[in-house]
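Starting from the structure of chain C, add chains H and E where the hints point.
Protein chains in written order, with the numbering used here: chain C, 1 to 301; chain H, 1 to 280; chain E, 1 to 517.
Check the hints yourself; a few may be wrong.
To be verified - Reference listing, derived: stretches of chain E covered by chain H, where coverage requires no fewer than 3 residues with Cβ under 8 Å from a Cβ of chain H:
id, segment
1, 248 to 261
2, 310 to 318
3, 325 to 333
4, 338 to 348
Stated by the list, open to error - Facing chain E, according to a computed beta carbon distance under 10 Å, are these residues of chain C, among others:
id, residue
5, 54
6, 74
7, 140
8, 156
9, 158
10, 159
11, 165
12, 245
13, 246
14, 247
15, 254
16, 262
17, 266
18, 268
To be verified - Every beta carbon over 12 Å from chain H, so not counted as near; a handful from chain C, in silico:
id, residue
19, 61
20, 91
21, 212
Everything labelled a hint here was simulated from the structure, so no lab data went into it. Heads up, the beta-carbon is just placed ideally off N, CA and C, and yes, glycines get one too.
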Amino acid sequence: MATPNLRKAPRPRRSPIMRRAFPYLLLAPAVIYLLAITLYPGVFAIYQSLFVVRFTSWTWTGLGNYQGILQDREFWAALWNTFVIGAIALSVQTFLALTLAYFAYRDPFIRGWRIVYLMPMLFMPSAVAFIWKLAFNDGRVISDILMRLGLIERNVDWLASIPLARMTLIVADVWQWTPFLFIIFVAALQGQDQEIEEAARLDGASWPKIFWNISLPMMRPVIVVAVTIRGIDITTMFANVFVMTQGTPGGATETMSYFIYRQGFRMFNFGYASAASVLMLILTIIIAQTVVKRAFRSGKN
Amino acid sequence: MAQVRKRRSDGRLLRYLILGTWALVCLLPILWFLSIGFRPRTEVITPQPIYWPTFSLDAWRLLTSDWPIALYLRNSVVAVAGSVVIDLILGIPAAYALSRYEFRGRDDIGFFILSTRMMAPAIVAVPIFFLFKEIGLLDSVWALMLIYAAINLSLVTWIIRSYMLDIPKELEDAARTDGASDLTILREIVIPICLPGIITAAVIAAIFAINEFLFTLLIASTSRAYTMSVALANFTGGSDGIIYNAIALVSFIAFVPILILVILIQKHLSRGLTMGAVKG
Amino acid sequence: MTTRLTGLSRRSFLRSGAAIGAAASLPGLAMPALAQSGLPDVQSVLDQITVDKYVREDYRKLYSMSNEPLWDPAKDWIRTVDWEKVRTELGGTTVRFAIGAADQESAAEGLKPFELLSGIKVELVPIPDDSIYDKAIAEFISGNASFDALQFFSAWLGDFAAPGFLAPLDEFAAKWNLPLDDFYDTYRLNYGYVNGQLVGIPFDCDIQMVHLRKSKMEQILGGPIDLVTSVPTYEELIRITAEANKLGGGVAGIGMLGARGFWSTYTWEHVAAQAGMMLFDDQWNPTLNTDAGMMGLETVLALSKNAIEGVSGAGWGENRAAWLGGQVAANISWQDSGTQAMRPDQSQIVGDFVTIYEPRIAGGVFAPPNIAGSTSVVTSTSQNKEGAFLMLAFLTTASIMAMNEANANGVAPGYKSVLGNERLRAVSQPMKVWAASLEHAWCSPRLPGMFEMEQALGNEINRAITGQITAKEALDNGQAAWKSIMEKNGFKGGSGPINYADVAPGLYVGAGKALPF
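If we strip away everything but chain C, and leave its shape as in the complex, we get:
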């Protein structure tokens, strides 16, 4: 490939220090920007969490908010809910995405269909939440379909039981985000070395066996990265809860994000909300340092 025609004007010789500093300079704007947006809130949150804040009156309370939070049933409930809902949703969508990817990647027709599989992802999360709120609760469409199929006799009260209510949130999340994982997995599978597959086929191996023993293991780094990214996003689930359940029944679908929002913007306990945020932040950092970093490293390899 011919090199493009570049200015051949003489340029000043760059000092070795400048040479060394150059990559840092390239990175500096981005890093500074991110630091500003993440560091400031972090510090502010920590500071505010030491006060009982009632609009503009800040009363020092030291670790009072933290004491309150750690004894707050609703806080632990929110933590647990986030974990349960997130883990189930993540597992389901990963499994679905892998299964679909397995069936899809060898098929030439899929390319044209791809856009259909992508569509759920392109809706606004709040819109998706309304779709499923209407389908499950207000419009009772799902119940109606199930009744027509003869599977149930009366409308189902999705918000009355904890598993069902959580399920509606999970369905909304899985419906919207399986395409995200699907498209990554398909690309990964299609990018794999054809020769190994061919060799296995010639040996008489069936497609499922090939997938299980060869493709899947080779995909591992991609799976790890994709699932990690999606997993991170799931822990911040807010829109679905806000629109569909608001935490009902009895707080069993209240995620951490919603808990913090409610404490801050409905009960106006800003110090309390900040304390919850700080705890959440610490938790996130711990997870980041252990799980994600390891996943990230192995993903890179």
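Quick look at chains H and E alone, frame taken from chain C:
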């Protein structure tokens, strides 16, 4: 041989069944929701769901007469486009540094950038709210722009980085021996070659930005800064209760442009999303 | 859901189609500069504030409404006040009115006649609907509120009044002859007076009632519904909603608000009040878990078994949609369930429902609950208190409120002269029962911190509705939460920022009165 062929055709039936079912699962709720947008209010909530409603433009009329939908759309576009521009300006050099250079702390910095994605909106929501209130940026499109940029910078950087990794070193070396400075290389070689990747990253960032909900909810309070994702909430609180047909229509108004964008970059989308973890 | 606090100001105060009628602006009146000389003749402006101009055309046609007033002109403040005096004294001044952002445009429209009549200019200060509470408090605390007048959810009156953020209006009310007596006691006492001072003018005057679907309930009751005797007790309501729940066809027995937060609290308050529940004793100790309170919650729980699916997530919006869509055979909700359901453009059940007198509970009282509602105030830091007062008097005047009701936009009048008007009763189905009920209304006191308290209690009641805890636990937890919130707000040792003695008369205005039937 016959045995193998048979197995393959069985496999094909199963394959189409599963893929077809999932395609329906994706498509049917969307089509149904579309029908909600084009029916009269009284046919949305009924004792038994109506699957063949009467056609009505009530929602459209409501949207265009009572609400500044064009304004919301404009805010969405401005905030998102602005945030993408910021992300590209900050992210391209960063990606370049992370992909082409060896230096101390490279991995750690790279990890830091990736980890900002983990900043749960709820964590930073309260401080950001107070911060913007202090500097008077509350309820402004600028605030949204800055936040969206921050949220998506990591994504943009990493996607572009993965594309840059693929540029053969020889190209750059040749240019350098010709006397080009690093910046020139970046500008005249790397960026043009990575253009598909840059566009992909921009579109993905746009998708995530337009979807942002929590921050927008807190920061935007009037039509000055309302975006499409939060505008939905307008149709749920007034004396008319929840206006589903308007909500559906708003959802599609936001959906269609994104759909078009994605169709255009379809080819590159999967590559971008895998972020180069996969060759090819 | 009705998640955002727009749900609280669920009445959009001056929503288009509300005070003005769908045919927006007033014909024939140019918008002059507000120099005294440029003001039009008072009577000509007043002549524009009539049924023909304000009530929606389709409703006027539907009910063959003439242009006769739906109110008593003698009690309609805008027609009795001396506008020339207003113009002389306050013409040329400005009033800054904080308005929910969603209502900005229609508010501007609605206030034009006021500007013309008074010569006072109104500047609108938009506040995001879901931040009215905190934004207002922030402004008040700053000591220099950017607005002179505000309309808001009446539950917040305590938070705003107790710290002295509101200007007393007694003087103005006397000077300009505001027809305070025309308000039902429950609204005047609870939405207007704090610690003996008049600080608010009631605006949206709410009451919760019980509504029944004729087609479903008449077959169960075996005949036409009598407003008094068909469902005399909550026990009977439980029985018939259980039957109705079996009817099928997508119709559930009853609709209620059982969502987390204050929605559940309201439902409980509604029923428990009939059992004789009072929220506090005279030492400001919360008395939620008394027998009456328990009875109320147990009744609610029993009803919830016959309730529509999703009741535990039903806020006002969901409940309204279900009722108007015909998904329930009975409804416990505000009076507008009885009016909006009459309008064909909103409702599937036109003509198929009726609003009955509040069912009773053995050992209890007849206490239809005054719940939610909104009031209007003037800030204590206002530079134009009198002008602001006049503007609020205009907005809450009997004729405009009557026409809001005719438009079924959810903003309800609280005047005896209006609710007694025969022509208005002809277009508002529940009005007769509603008016009679108000003389016996129960109401919760407007305390600082009440907003938080209602949410905390509601979360517990929601847990009981979903079966996670027992009724006793819910009320015990709620009571504990109330105690701690009240302490935070300055209630200690039986006294606090609000005097019990001042509040007491408004808590149950039906005490000792004979039943209206």
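Check your understanding: Which hints, by number, does the structure contradict?
Key -> none
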